[in-house]
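Visitor: Those protein sequences? They're chains A and B, same order as listed.
Using our numbering, the first residue of the first sequence is number 1, and each one after it goes up by one.
Using our numbering, the first residue of the second sequence is number 1, and each one after it goes up by one.
If you are wondering where the hints come from, they were derived from the structure by calculation, not from laboratory data.
Where hints are given, some of them may not hold.
[What the hints assert, rightly or not] Here are the computed distance ranges between Cβ atoms for each label pair: (1) A:135 x B:293: 28 to 38 Å; (2) A:185 x B:267: 53 to 63 Å; (3) A:267 x B:259: 20 to 30 Å.
Cβ atoms here follow ideal geometry from the backbone N, Cα and C, with glycine treated the same way.
Listed below, chain by chain, are the residues.
Protein chains: 2
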Amino acid sequence: MIETPYLLFLGDAPDQLAAKVAQGIKDWRPENAVGQFRMAGCKADVGLQDMTLQEAKAAGARTLVIGVANRGGYISKEWRKVLVEALEAGFDLASGLHNLLRDESELMAAAQVHGGTLHDVRVPTDAYPIANGVKRTGKRVLAVGTDCSAGKMYTALALDASMRERGMKSTFRATGQTGILITGHGVPLDAVIADFMAGAVEYLTPDNAADHWDIIEGQGSLFHVSYSGVTLALIHGGQPDALIICHEPTRQHMRGLPGYKLPSIEAVRDTSLQFARVANPACQVAGVSINTQHLSDAEATAYCAEVEARLGLPTIDPFRHGADRLAEALENI
Amino acid sequence: MIETPYLLFLGDAPDQLAAKVAQGIKDWRPENAVGQFRMAGCKADVGLQDMTLQEAKAAGARTLVIGVANRGGYISKEWRKVLVEALEAGFDLASGLHNLLRDESELMAAAQVHGGTLHDVRVPTDAYPIANGVKRTGKRVLAVGTDCSAGKMYTALALDASMRERGMKSTFRATGQTGILITGHGVPLDAVIADFMAGAVEYLTPDNAADHWDIIEGQGSLFHVSYSGVTLALIHGGQPDALIICHEPTRQHMRGLPGYKLPSIEAVRDTSLQFARVANPACQVAGVSINTQHLSDAEATAYCAEVEARLGLPTIDPFRHGADRLAEALENI
């Protein structure tokens, strides 16, 4: 559990895209961020107030979150200086970088002296159980994809926002680094030991009120040979009542796997549902989410209409059209 | 890679079943063991010559393998005394126990002083890659089960033996602790980090001669909600050319999951094949292996005949009937 609210560290981000973690926090949990911290040369701006460490502290910030990818895969001298100052000022630090904060001796030392906590969200913090498959109370929806990076996290966050707007009870359950930083908690599923994957998902989505929905962030794809095991653990550990299928229609092959074609939406629907019903016989597919970023408005509308007619399921791009129709479909489950 | 041959440590095994790792080594790789070491009160006997550490050393033994489960989950004072003496005598130690050799300070110290290696086969030793899905040369067969503990390792080892007898080229590829101790190498797949599971299987079964078969030890079941992700990683990382379906016909529910019924052999056949064909479109199901330990001879024969007629696939219990008919089926693939 990362303490909120945050000050978002944008560092010396070379462009806006490099700050996409910070942008995600600003977009989806603006109440979690009091401001942004930018260094000389920073080319990103997520539209929050620029603050010094002291100003942010005075505004109530508890954790400095590294909201930017680092260049070259190491923590530069300039970054380290700011991070040490933040620890001295009483902040915790949180990071999803590949190279860990805890591997930096200067940060470890400062954290110990000043009583700060270093959160490396790529590393699991809990001892997860082996899944027991026992039916839990409350409802769950899981995003499954035809491929990796098909828009599963975006879909889940947009669905969460739509459901809250409609007055439904929902919680976004993060299973990846960005999602964990956005919400302050979750399970970094790709870093969990194989035997405990499904148990970690059970742990992440415990018993809840009968009308409460956990919106579980998906990972990988049943048809992506590098990561399919993680996806199946999500389906079996998640016990979803509903599935949303995510698809990016212009992709030529599975991400990172030239020579591997994408499965059809129908194949993902049928296979995911077969597996989901092992753990929850009542599971159904609630809708389809299309990532139309590479299509024009007209193409996007036509594509969604075609899939909707073919599958008989509400089909939208949550970025263009919002996720309301998916939320509506869940209201009827 | 654990150095062979072994001296098999049976300790103070309370019964024969407690020594099943040693029995597996004796049954499947007798050339890997020069003898057995038994302490006062040992109730197990795998039928090898009893040896002192010195006698085994003189006979060429390199590693003392803990071939017995420990009572109460800790390494007793009596065991520790023998293990330290073995390190002093120049042995390496190998263990599949839950509690690790390396966590015993006395053993660590003795290993350092005497230059011995402590092999805890529950802990992965290599940095496995992310699976790349690139087609490898050589052939592979994978055992998949309707449930956990359905006889997958036994089937794979029996198939390996039959294939060698027929003059086929084959290698048993261990993915669990017992299999690793039997052969001296492998990947403890249930302890691998989620993102690297399929890559670990690719690493375990590299390019090989066109007529060489890797016989990959299966784990879990696609329909076992606790471990299904591990099974799918084996199917996608293994790129099998052939599948053998393993089934135990008297089981009332999935192992450890009351309330979860076993899938049909047909469901496992169809689903496994669909996934296997993502990585290897030529994959086919070669046969069925039935664990008939709870059936009479007549019942076992009748059950296998019924499955064989229903599925049109060679169906045997490798323990009762040998695995020859499975090996024969693979010769024609």
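Visitor: Of the hints stated earlier, which fail here?
Guide: Per hint list: single violation, 2.
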